[in-house]
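J.: From first to last, the protein sequence lines stand for chains A and B. Counted the way our numbering counts, the first sequence spans residues 17 to 166. Counted the way our numbering counts, the second sequence spans residues 7 to 169.
A portion of the hints provided could be inaccurate.
Pairwise CB distance ranges, derived in the manner of DEER restraints [what the hints assert, rightly or not]:
| no. | chain 1 | residue 1 | chain 2 | residue 2 | range |
| --- | --- | --- | --- | --- | --- |
| 1 | B | R161 | A | R66 | 39 to 49 Å |
| 2 | A | E24 | B | G118 | 38 to 48 Å |
| 3 | A | I65 | B | R89 | 39 to 49 Å |
| 4 | B | G48 | A | R66 | 28 to 38 Å |
| 5 | B | H120 | A | R126 | 25 to 35 Å |
| 6 | A | E39 | B | A51 | 19 to 29 Å |
| 7 | B | N121 | A | R60 | 40 to 50 Å |
| 8 | A | G69 | B | G48 | 35 to 45 Å |
| 9 | B | S83 | A | D88 | 19 to 29 Å |
| 10 | A | Q62 | B | R89 | 25 to 35 Å |
| 11 | B | H138 | A | G69 | 41 to 51 Å |
| 12 | B | T168 | A | G69 | 23 to 33 Å |
Derived from the structure by calculation, the hints contain no laboratory data. Predicted model, so just to flag it, every value in this text is computed and none were measured. Glycine included, each C-beta is placed from N, C-alpha and C at the ideal position.
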Amino acid sequence: MSRVDATEVVNSFFDAYRTHDVERMVDLCNEMARFRSMPFEVWRKQRVIRGDGKANTVGKILWRGLIESFPDLTNRVTKIISDNDGNVAAEVVISGTQAKPWSSVRSQGRSFQSPHLFVFHVNADGKIDNIRSYSDNAGVRAQLGCLDVD
Amino acid sequence: MSTRAQVTSLAHVRGALPDGHQDARALALKLCERLSDRDSEGANALILADAAVDFGPAGTRGTFSEEGTKFFCDLISAFPDLRLTVHSVVADSEAAVIEITVEGTQGADFLGIHNQEKHIDVDQAWVITAAHGRITSIRAYWCQTQLYRRLGVKRLDQISITG
């Protein structure tokens with residue numbers, strides 16, 4: 017897959033995210049595509065639950081949850097870096113106004129804006145087969161008025 | 007490149023340019039190597055004084071000379087066994103994105119967080135641009151909640167109170 021094509025696939029992914037078309041986001045991934053949201057972790061007594069799994073399971077749940085809690089959720093791609101091996105890194109600003117609880121954060125009707133970095137791999141068939149995302153949940157929680165770390 | 011090994015040698019690194027300058031990929035890896043070696047002077051030498059640095063989760067933004075040198079110095083001082091493990095690099099001709107894990111055991115206060123000798127392991131991604139063999143900007147992404155959780159901070163507005 018050429019560099020241009022991989023970048024186009026990633027741009028399509030964020031276009032779909034912007035229109036809240038989660039099915040389209042998942043369609044751009046292959047069935048086994050891995051997804052990991054680095055900031056997502058829930059500490060239980062015996063174990064830590066991480067946002068790590070497949071795009072069509074864990075990814076879908078997290079994206080739908082965000083869209084439901086932030087009905088005006090949107091994104092702006094600010095920079096894309098790619099190589100000739102299908103690797104694409106995208107800097108993206110995600111923003112929205114809270115209307116429903118999100119994780120442990122109750123809604124106070126506040127808005128957030130959060131810089132994210134996504135690292136994708138697009139395979140030779142033009143499908144995304146790996147997504148990792150980095151962002152700062154502390155910044156988001158503070159903007160939403162929740163000052164507890166957990 | 008995709009490896010979970012700590013960067014110990016740059017002999018294998020792609021990115022050395024014919025004129026002896028190094029591109030963003032090589033500079034990014036060298037920066038990780040020097041930070042892991044606790045070589046703050048060596049790390050500083052890779053970066054232009056007026057490079058734009060944005061360590062957003064820590065609230066550190068500005069030029070490297072004003073903000074970045076102190077941030078790296080504090081990081082090295084606070085975690086005497088600091089280790090940066092590089093997992094992947096995505097690079098084009100001007101920029102590199104490195105995915106790393108920053109690990110260490112706290113030995114001094116850091117970003118206002120009292121030292122309780124706790125261990126951190128925080129996944130991060132740094133976007134590094136370069137020109138003429140020097141780093142011209144660094145933007146870092148990580149989750150500050152994860153750092154706080156590992157260092158015992160309970161509230162975002164009371165980071166000096168740990169439990």
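J.: All hints are to be evaluated individually against the structure, with a verdict given for each.
T.: Status of each hint after checking the structure:
1. R161/B with R66/A: 39 to 49 Å: violated, 23 Å
2. E24/A with G118/B: 38 to 48 Å: Since E24/A and G118/B have Cβ atoms about 44 Å apart, the given range 38 to 48 Å holds.
3. I65/A with R89/B: 39 to 49 Å: violated, 26 Å
4. G48/B with R66/A: 28 to 38 Å: Holds, at about 34 Å.
5. H120/B with R126/A: 25 to 35 Å: holds, 30 Å
6. E39/A with A51/B: 19 to 29 Å: violated, 50 Å
7. N121/B with R60/A: 40 to 50 Å: violated, 27 Å
8. G69/A with G48/B: 35 to 45 Å: holds, 40 Å
9. S83/B with D88/A: 19 to 29 Å: violated, 43 Å
10. Q62/A with R89/B: 25 to 35 Å: holds, 27 Å
11. H138/B with G69/A: 41 to 51 Å: Once the Cβ atoms are compared, 43 Å apart, the range 41 to 51 Å for G69/A and H138/B holds.
12. T168/B with G69/A: 23 to 33 Å: About 32 Å separates the Cβ atoms of T168/B and G69/A, which means 23 to 33 Å holds.
Going through the hint list in order, the structure does not satisfy hints 1, 3, 6, 7 and 9.
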